[in-house]
Amino acid sequence: MKLLTCPMNGPRNISEFQYLGPVRLSPNPEAASDADWAGYLFGAPNDRDFQREFWRHTPSNYVFVAERHIGTGEVRRTYDPGEME
Amino acid sequence: MPLSLLKYGLSRDYPVTGDIPATPDLKRSYDVVIVGGGGHGLACAHYLAKYHGVTDVAVLEKGYLAGGNTARNTTTIRSNYITPEGIAFYKEGVKLYGEMSGELDFNVMFSQRGQLTLAHTEATLRSFHLRAEMGRHMGTRLEVVDQKGVEALCPRLNMDYGGPLEVLGGLWHADGGTARHDAVAWGYAREASRRGVEIHQRTTVEAIDVEKGRVTGVVTDRGRVAAGAVMIACGGANYEVAKLAGVELPIRCYPLQAMVTQPLKPWLDTLVSSVSLHTYLVQSSRGELVIGGGSDPYMSYSTRSTLEMKEHLAEGAVHLFPFLKGVRVLRQWAGTTDMTPDYSPIMGASPVDGLWLDCGWGTWGFKATPVAGKRMAETIAAGKVPDILAPFALDRFERFAVLNEMGATAASH
Numbered sequence: 001m002k003l004l005t006c007p008m009n010g011p012r013n014i015s016e017f018q019y020l021g022p023v024r025l026s027p028n029p030e031a032a033s034d035a036d037w038a039g040y041l042f043g044a045p046n047d048r049d050f051q052r053e054f055w056r057h058t059p060s061n062y063v064f065v066a067e068r069h070i071g072t073g074e075v076r077r078t079y080d081p082g083e084m085e
Numbered sequence: 001m002p003l004s005l006l007k008y009g010l011s012r013d014y015p016v017t018g019d020i021p022a023t024p025d026l027k028r029s030y031d032v033v034i035v036g037g038g039g040h041g042l043a044c045a046h047y048l049a050k051y052h053g054v055t056d057v058a059v060l061e062k063g064y065l066a067g068g069n070t071a072r073n074t075t076t077i078r079s080n081y082i083t084p085e086g087i088a089f090y091k092e093g094v095k096l097y098g099e100m101s102g103e104l105d106f107n108v109m110f111s112q113r114g115q116l117t118l119a120h121t122e123a124t125l126r127s128f129h130l131r132a133e134m135g136r137h138m139g140t141r142l143e144v145v146d147q148k149g150v151e152a153l154c155p156r157l158n159m160d161y162g163g164p165l166e167v168l169g170g171l172w173h174a175d176g177g178t179a180r181h182d183a184v185a186w187g188y189a190r191e192a193s194r195r196g197v198e199i200h201q202r203t204t205v206e207a208i209d210v211e212k213g214r215v216t217g218v219v220t221d222r223g224r225v226a227a228g229a230v231m232i233a234c235g236g237a238n239y240e241v242a243k244l245a246g247v248e249l250p251i252r253c254y255p256l257q258a259m260v261t262q263p264l265k266p267w268l269d270t271l272v273s274s275v276s277l278h279t280y281l282v283q284s285s286r287g288e289l290v291i292g293g294g295s296d297p298y299m300s301y302s303t304r305s306t307l308e309m310k311e312h313l314a315e316g317a318v319h320l321f322p323f324l325k326g327v328r329v330l331r332q333w334a335g336t337t338d339m340t341p342d343y344s345p346i347m348g349a350s351p352v353d354g355l356w357l358d359c360g361w362g363t364w365g366f367k368a369t370p371v372a373g374k375r376m377a378e379t380i381a382a383g384k385v386p387d388i389l390a391p392f393a394l395d396r397f398e399r400f401a402v403l404n405e406m407g408a409t410a411a412s413h
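These protein sequence lines map, in sequence, to chains A and B. Number 5 in our numbering belongs to position 5 of the first sequence; there are no gaps in the numbering. Number 185 in our numbering belongs to position 185 of the second sequence; there are no gaps in the numbering.
These are computed hints drawn from the structure, not numbers from a lab. One or more of the hints may lead you astray.
With beta-carbon atoms standing in for the labels, derived distance ranges [to be verified]:
(1) A:His-69 / B:Pro-322: 27 to 33 Å
(2) A:Arg-77 / B:Gly-287: 44 to 50 Å
(3) B:Met-406 / A:Asp-47: 43 to 49 Å
(4) A:Asp-47 / B:Arg-304: 47 to 53 Å
Straight line, CA to CA, 27 Å or less: simulated DSS-like cross-link-like pairs of lysine-lysine [what the hints assert, rightly or not]:
(5) B:Lys-243 / B:Lys-212
(6) B:Lys-148 / A:Lys-2
(7) B:Lys-212 / B:Lys-265
(8) B:Lys-325 / A:Lys-2
(9) B:Lys-148 / B:Lys-27
(10) B:Lys-148 / B:Lys-325
Far from chain A, by Cβ distances over 12 Å, these chain B residues were calculated [as the list claims (entries may be wrong)]:
(11) Trp-186
(12) Asp-209
(13) Ala-237
(14) Pro-250
(15) Arg-286
(16) Asp-338
Even glycine gets a Cβ: it sits at the ideal position worked out from N, Cα and C.
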């Protein structure tokens, strides 16, 4: 079983987590063009590199950020969304 | 050694031939370079050479022939999708599978024994009625069957009467079938190379040359090659290869896992899928049960299996057919799928002139091998996208004209 370290609950089995996808910030609805919206809805960062992702620890319903390498699976860091730069 | 055998072995009347020649030296230029030596790329090469007279073609494959998703899929052939555009396209694919052994003079072991998808909930059953009507309208063989119909089609199935996963009905697709994946790829490869197409295995594309918005060639680990046109058909590597030309595809990679049991006597005629259990089974012509198909729930380029997913597949298989509990798993694997937002492929033009896309095949590419190859060959030869491929254009996303096949794709390959 793979492990993921929840910032609140410590290392837990991966089956306790729900993947919520890469962190993407929604465009400004006042200024966004159709192309901006299409990019936000359908565009996908998919580089073989570390990416910031939202994960949820299901039993505690706690959402956090993980920096995970989608090529190697290595998780570099997990932290509370409030610490996101 | 008996003399008579030696006589045959050395006779000019019985020359020693392989299916494809050894990898030749790379030329400096080709009319068409196809990146990716899987089923799709090889099929395109075949149709280019046989029907369009385009034989100055190089297929570049990083690994070995058909060793990526062509080897890792679970060989389901069907056309029971939901959008008219999708059904029209996949229907042509099923038809071409029916003709393939003759077309290639190569036995691809196409077995059209029908696919049965199970509904365990009312909601699934309602969606089946919608798909059946669409399928009928588009001219495919697709109907909803009740519990008695399911029992008749698949007598050994656990109906779970009164249980939480009671089978309420099924979607019966008489056109569905399966074929031998290696034979499909090798049949196309042999026919293409017989007509002059060069197949370069262990040849990695490291860059794509673009000048003034037009593709001019590729750089490989064996040297630079000029090309009049380039097609990308690399399965799980599509995102990364397209990016070499500055093209960003709306693709995310997820591993898809499957496994095969020890060979059993023939007992399962149909392909069986369960939407709720995310499990499907087919018995291969060798008697092995092919069990798929679980996608890992998070993005990854990994081609390693996980214990959780294999447990999940085993649980689904044993639920549907409890007598499988003592059967052993023989092989298991994963492949990198290039998933699109709407579960439909991306075919046709790219923002770079002369760079053609046969991408976004996610978990649904094997069934489209002949039709994608045929239609992409037509596209490349004419420099123009035929009507049947137009809905699958990359720019559909910025036009918000998506082709949502998610419900017709999940766990029902």
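So, going through the hints one by one against the coordinates:
no. : hint                             : in the structure
1   : A:His-69 / B:Pro-322: 27 to 33 Å : violated, 41 Å
2   : A:Arg-77 / B:Gly-287: 44 to 50 Å : holds, 49 Å
3   : B:Met-406 / A:Asp-47: 43 to 49 Å : violated, 24 Å
4   : A:Asp-47 / B:Arg-304: 47 to 53 Å : violated, 20 Å
5   : B:Lys-243 / B:Lys-212            : holds, 17 Å
6   : B:Lys-148 / A:Lys-2              : violated, 43 Å
7   : B:Lys-212 / B:Lys-265            : violated, 60 Å
8   : B:Lys-325 / A:Lys-2              : holds, 26 Å
9   : B:Lys-148 / B:Lys-27             : violated, 62 Å
10  : B:Lys-148 / B:Lys-325            : holds, 25 Å
11  : Trp-186                          : holds, 30 Å
12  : Asp-209                          : holds, 21 Å
13  : Ala-237                          : violated, 10 Å
14  : Pro-250                          : violated, 4 Å
15  : Arg-286                          : holds, 33 Å
16  : Asp-338                          : violated, 8 Å
In the structure shown, a violation is registered for the earlier hints numbered 1, 3, 4, 6, 7, 9, 13, 14, 16, in ascending order.
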